[in-house]
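**Student:** Chains as they are written, first to last, in full-length UniProt numbering: chain U, 1 to 144; chain W, 1 to 144; chain D, 1 to 144; chain Y, 1 to 144.
Derived by calculation from the structure, the hints in this document are not laboratory data.
A hint or two may mislead.
Below, a list of computed lysine-lysine pairs in the DSS-like style, where the Cα atoms sit at most 27 Å apart [unchecked claim]:
1) U/Lys-97 x D/Lys-111
2) D/Lys-111 x W/Lys-111
3) Y/Lys-111 x U/Lys-111
Partner residues are not named here, just some residues of chain U that face chain W (Cβ under 10 Å, in silico) [to be verified]:
4) Leu-25
5) Thr-87
6) Phe-94
7) Lys-97
8) Glu-130
Just so it is clear, CB atoms sit at the ideal spot from N, CA and C, and this is done for glycine as well.
Protein chains: 4
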Amino acid sequence: MMHGDTAARMTPQAFQALIDEALPLCALFGIRCEHIGYGRARLRMRFDPAQTRPGGTVAGPAQMAIADATLYAVVLGMIGPVELAVTTSLNINFLRKPPAADIIAEGRILKLGQRLAVGEVLLYSDGVAEPVAHVSGTYSIPPR
Amino acid sequence: MMHGDTAARMTPQAFQALIDEALPLCALFGIRCEHIGYGRARLRMRFDPAQTRPGGTVAGPAQMAIADATLYAVVLGMIGPVELAVTTSLNINFLRKPPAADIIAEGRILKLGQRLAVGEVLLYSDGVAEPVAHVSGTYSIPPR
Amino acid sequence: MMHGDTAARMTPQAFQALIDEALPLCALFGIRCEHIGYGRARLRMRFDPAQTRPGGTVAGPAQMAIADATLYAVVLGMIGPVELAVTTSLNINFLRKPPAADIIAEGRILKLGQRLAVGEVLLYSDGVAEPVAHVSGTYSIPPR
Amino acid sequence: MMHGDTAARMTPQAFQALIDEALPLCALFGIRCEHIGYGRARLRMRFDPAQTRPGGTVAGPAQMAIADATLYAVVLGMIGPVELAVTTSLNINFLRKPPAADIIAEGRILKLGQRLAVGEVLLYSDGVAEPVAHVSGTYSIPPR
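Just chain U, same shape as in the assembly (with noise of 0.2 Å):
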């Protein structure tokens, strides 16, 4: 959107060596980033039998673990590598139920404050036009 001039300031390469490194949860739910951009990211996480619901869906806990990462990649692509900002807030509407199928997450900043950022995120299933969830959540920043 209004930030497409500026260069990320993390890659996805960087970015994915670091969950893979802090956040456990992300290895075991097969999450990987596919893209940063400044202000934007794209994570993807394939399908696990192993988080399924009765109905062969995705487990809500795995689509907030994939939104929770998604925000994190957009605000290290604009803050770089900063280990300790952290998520203060999430919120998520489940707006349907996605079937077998990886979920691809495309997350965008809405502000980046000097203590504050807020972002969305919209949850896809792989090859459905309409979002499977959407999210709103703040990350706190440290002194830079």
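Once you've looked at the hints, dock chains W, D and Y against the given chain U.
**Tutor:** Relative to the frame of chain U, chains W, D and Y by itself:
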């Protein structure tokens, strides 16, 4: 609270059997139901280094997972074992970084309507008086 | 977005008449409906010094009022003039202090289900590119 | 709760004078501060037919206004009269349609940090035991 004199419609044992069968993430995270009353429930998640972030804390998505399961216990304790009840929204405020210890979730109903239930959950680190997170959430419940 | 080719089921004029009659706060806050499409709506709230906080901004509750009305317009634009649709939840993140100017609300549907609708609204200060607040909300809709 | 033995740093009278001066919507909605303790506050909004929806209830945005003012009272009761504290987010779940009566808001702190405060508010219709709405919110507080 106002529901203390009514019997719960599901035992902790029956709820545990249901989630062990239907919600694989609960087993993965070591989530156990300790108590269900009418309009109340308490669950515990054992501390597991595999969920930690740097610094020996409990990952946010694991906190969301026990909160979601606790709301489910609160709702099923009032309407009985209705698997089709589904979370429609969840809002979490992270209050304090939990230390390396079990998480205890205390949930209660705020409203049980014909179609929608609303509840709140406070998460505690075992042995610490002040809560580590506050969660409110809504459940869609099928016609009864 | 995906709903662009379907006609709205309520005109801005009819929606304005409904809220002028049914929601006195909208008249109090000078809220006008400018556009309704199928799954989208835009409303405007004229700047009124009587709503300010110190520093010439727009009070938070006034921002919530226009967001709520905008979600109502989005929903009624899809289901027609059903007065019994009611807000069940609303989540707002305040992003920037709006200056002394009109607020423009751009709302869109995220999901229209049988019983629940979910939408989001971005609030802008007239003439400023970046949003001042982000809102997501849910509406309970009566059986149709 | 845990803060019962500490004195509040602002009286209800001083808080009322502050909001009468700084928040015109509070006067408009007839919001009065009845009590401030350290970490707690109670406010009342007199019923006013000008705020009603069809059916003699209290408009959602008026409920949000008293909840927001109550969180402000909770925070200022702990840090003193710091006008620069600002709401950063607010989440409301509407539980029951309030009848034509005063609204009483009971707020309490969940966490007072260096930069962020989190609190919750239950709204009641005067004379009814069950809450009509639940609110959680966050305040950004300036360095002290």
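**Student:** Going through the numbered hints above, which ones does this structure break? Give me the numbers in ascending order.
**Tutor:** 8
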